[in-house]
Amino acid sequence: MDSLKANIINEVRKLFLKKKTIVYLVLMAIMSFLTAFFIATIQAKLIFIAVNSFSYPLMLLAIFTNIFLPLFVFMAASDLFSGEVADRTLKLVLTMPVSRFKIYLSKIVAVSIYVILNFILIFLVSMLSAFCLKITITSITSVVVGYLADIIPALILVIFASFIAQFFRSGSTALISSIFIFIGIKALSLFNTLLNNNIFTTYLNWYSLWLPNGTNLLRGLNLLLLLLAYGIIFFTVGYYLFDKKEI
Amino acid sequence: MAGLTKIYKNGRGVKDITFDVCTGDIFGFLGPNGAGKTTVMKGITGLNTIQKGHVKILGYNLDSQFENAMRNVGAIIETADVYEYMSAYENLKFIARFYQNIHEEDIDNILELVNLTNYKQEKASKFSLGMKQRLALARALLPNPKLIILDEPTNGLDIEGTVQMRNLIKELAAKRKMTFFISSHLVHEVELMCNKVAIIHEGKLVNNGVSIESIKESYHSLEDFYLNQVTEGGTV
Ligand SMILES: Nc1ncnc2c1ncn2[C@@H]1O[C@H](COP(=O)(O)OP(=O)(O)O)[C@@H](O)[C@H]1O
Ligand SMILES: [Mg+2]
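Residue numbers (my numbering), protein chains in the order written: chain A, 1 to 247; chain B, 248 to 483.
The reader is advised that the hints may include incorrect statements.
Said to hold, decoys possible - With a cut-off of at most 25 Å between alpha-carbon atoms, the simulated DSS-like pairs for lysine-lysine come out as follows:
id	chain 1	residue 1	chain 2	residue 2
1	B	Lys340	A	Lys20
2	A	Lys19	B	Lys393
3	A	Lys186	A	Lys18
4	B	Lys303	B	Lys393
5	A	Lys19	B	Lys370
6	B	Lys373	A	Lys18
7	B	Lys463	A	Lys18
8	A	Lys244	B	Lys303
9	A	Lys102	B	Lys340
10	B	Lys424	B	Lys393
11	A	Lys20	B	Lys370
12	A	Lys18	B	Lys367
13	B	Lys370	A	Lys18
14	B	Lys373	A	Lys19
15	A	Lys102	B	Lys393
16	A	Lys20	B	Lys373
17	A	Lys245	B	Lys370
18	A	Lys102	A	Lys18
19	B	Lys299	A	Lys244
20	B	Lys340	A	Lys5
21	A	Lys5	A	Lys18
Said to hold, decoys possible - Far from chain A, by Cβ distances over 12 Å, these chain B residues were calculated:
id	residue
22	Ala316
23	Leu376
24	Thr409
25	Val477
26	Thr478
Calculated directly from the structure, the hints in this document are not laboratory data. All C-beta atoms, glycine included, are put in the ideal place defined by N, C-alpha and C.
One chain only, chain A, in its complex shape (with noise of 0.2 Å):
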């Protein structure tokens, strides 16, 4: 438990080395602020947009979690496994007193941290600016559910990220791969009605698909198995890739 611990906070504390993983939430942290400036001039030349469904905080979230995120997923889950073999530092921890399973959980945690930083940094900015550029939001509790309920498929998607990561041996390969991975999937699922129902990256806003719409709490449920099966699958393969990984 203690050396999962350690490695967990090793795992935290690499990321955030890295100068990238803060300037992208600076540069999230200002985009969120700009989509708010640009909102707020609208309202006040066009009073007839802001109709009363229209929520800034999770049109905002819609955008990040279907575009930034994967992105920042990708970038960080390449680092922490492809990167680390590229530059032989995998080794390094591999050699310490802590089991690969630790390893493995501890830069999914490493990640879902990071992700979760994501989150609460573009909530709270994303209410500051509505709050200062008197943007109106209709219902405070829709939005916090909102961003708790898309934590869920986002953590999802770290474990997808950390599965492919597996297949690589260098970061940058990695990091492209999954990008084209995720477009090809998207792309697929534009076409085919089955696989768009069916696959996780389709509810990575899922909070927009059963919430709002009448509150279908069956559909909810019946989305969470789903995306929680994607999970165990991911994280099964992929320790299992890990541990046999030989470096």
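Given chain A, work out where chain B with the ligands should sit, using these hints.
For chain B with the ligands alone, coordinates are given in the frame of chain A:
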């Protein structure tokens, strides 16, 4: 009491390697480039999976008790790598988090031992090769392990660095009762540094750990012994 290591390995790399390293040994693992030294060391530290055989370190089975086995091991395998984007201090702090009994002054002491005190807060990416090698050694030594595994520790070092490394290893073995398992492709280095030697040739063990003193009694030098053993047991 005994630092015990056994390996039998099958497959592309090395085959049926069996030997014991005993507490207090500076055990030389001698063989030409490509003989399989690194492969064996990766097997001992769990970086490679072993197809056959088993490894035991200080009574712990590497397979089933990995964390306990590795708690008393410091290792530098293949190349002396460190986290380049971290300072010397951060690099050592990483190790310290795995052990309850490593304090800030231990980190300072180890930095002093490898002559890096003035570079504590400097990023390792700015270090010279020799400095990186010393930092890697500091990482291996920090937990005060009972067994230290070094893969060609003097590779890439200049003459002065080589002598320093050799003296440091001898000093640590004598003063801190550390056991060393050191690979090398240089006969003279093993002769000067170690008290026991095992020779590996083309993935097979030629002998499994004889005292260098006894070799010197029967043969003119370790070099003669090596040539004798390799031509006798190795080829054809
Ligand atoms: N990952 C690998 N895949 C296939 N062959 C390998 C691998 N690593 C090493 N070898 C081969 O195994 C043999 C032993 O290599 P190695 O253990 O690195 O030798 P040494 O460390 O004694 O120089 C060499 O012939 C080498 O080509
Ligand atoms: Mg080697």
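A quick look at each hint next to the structure:
For the suggested pair lysine 340 of chain B and lysine 20 of chain A, the alpha carbons sit about 22 Å apart, so the restraint of at most 25 Å is met. With a CA separation close to 37 Å, the supplied pair lysine 19 of chain A and lysine 393 of chain B exceeds the 25 Å bound. Pair hint lysine 186 of chain A plus lysine 18 of chain A does not hold up; C-alpha atoms about 30 Å apart against a cutoff of 25 Å. Annotation: proposed proximity of lysine 303 of chain B to lysine 393 of chain B holds, straight-line Cα distance about 14 Å (limit 25 Å).
In summary, the hint linking lysine 19 of chain A to lysine 370 of chain B is supported, as the alpha carbons are separated by about 13 Å, within the 25 Å threshold. Using a Cα cut-off of 25 Å, the hinted pair lysine 373 of chain B and lysine 18 of chain A holds, with the two alpha carbons roughly 16 Å apart. In summary, the hint linking lysine 463 of chain B to lysine 18 of chain A is not supported, as the alpha carbons are separated by about 53 Å, beyond the 25 Å threshold. About 20 Å separates the Cα atoms of lysine 244 of chain A and lysine 303 of chain B, which keeps this hinted pair within 25 Å; it holds.
A threshold of 25 Å between alpha carbons decides the hint, and for lysine 102 of chain A with lysine 340 of chain B the separation of about 19 Å falls inside it, so the pair holds. Pair hint lysine 424 of chain B plus lysine 393 of chain B holds up; C-alpha atoms about 8 Å apart against a cutoff of 25 Å. For the hint linking lysine 20 of chain A to lysine 370 of chain B, the alpha-carbon distance of about 17 Å falls within 25 Å, and the restraint holds. Only pairs whose Cα atoms come within 25 Å are accepted, and lysine 18 of chain A paired with lysine 367 of chain B is accepted, the gap being roughly 19 Å.
Distance restraint check for lysine 370 of chain B and lysine 18 of chain A: the Cα-Cα separation of roughly 12 Å lies within the 25 Å cut-off, and the hinted pair is therefore satisfied. The hinted pair formed by lysine 373 of chain B and lysine 19 of chain A meets the criterion: a straight-line CA distance of about 17 Å does not exceed 25 Å. Our distance criterion of 25 Å between C-alpha atoms is met by lysine 102 of chain A and lysine 393 of chain B, whose separation comes to about 24 Å. Simply put, lysine 20 of chain A and lysine 373 of chain B have alpha-carbon atoms about 19 Å apart, close enough for the 25 Å limit, and the pair holds.
The straight-line distance between the Cα atoms of lysine 245 of chain A and lysine 370 of chain B is roughly 29 Å, outside the 25 Å bound, and the hint therefore fails. Simply put, lysine 102 of chain A and lysine 18 of chain A have alpha-carbon atoms about 22 Å apart, close enough for the 25 Å limit, and the pair holds. The suggested pairing of lysine 299 of chain B with lysine 244 of chain A holds, with an alpha-carbon distance near 15 Å, which does not exceed 25 Å. For the suggested pair lysine 340 of chain B and lysine 5 of chain A, the alpha carbons sit about 14 Å apart, so the restraint of at most 25 Å is met.
Distance hint between lysine 5 of chain A and lysine 18 of chain A is fulfilled; the C-alpha atoms sit about 21 Å from each other, no more than 25 Å. Not every CB of chain A is more than 12 Å from the CB of alanine 316 of chain B (nearest about 8 Å), against its label as outside the interface. Listed as a non-interface residue, leucine 376 of chain B keeps its Cβ farther than 12 Å from every Cβ of chain A; the least gap is roughly 14 Å. Distance to chain A confirms threonine 409 of chain B as a non-interface residue, since its nearest Cβ pair spans about 23 Å, more than 12 Å.
Once the 12 Å rule is applied to beta carbons, valine 477 of chain B is consistent with being away from chain A; the minimum gap is 28 Å. Taking the minimum C-beta to C-beta distance to chain A, about 33 Å, the non-interface status of threonine 478 of chain B holds against the 12 Å cut.
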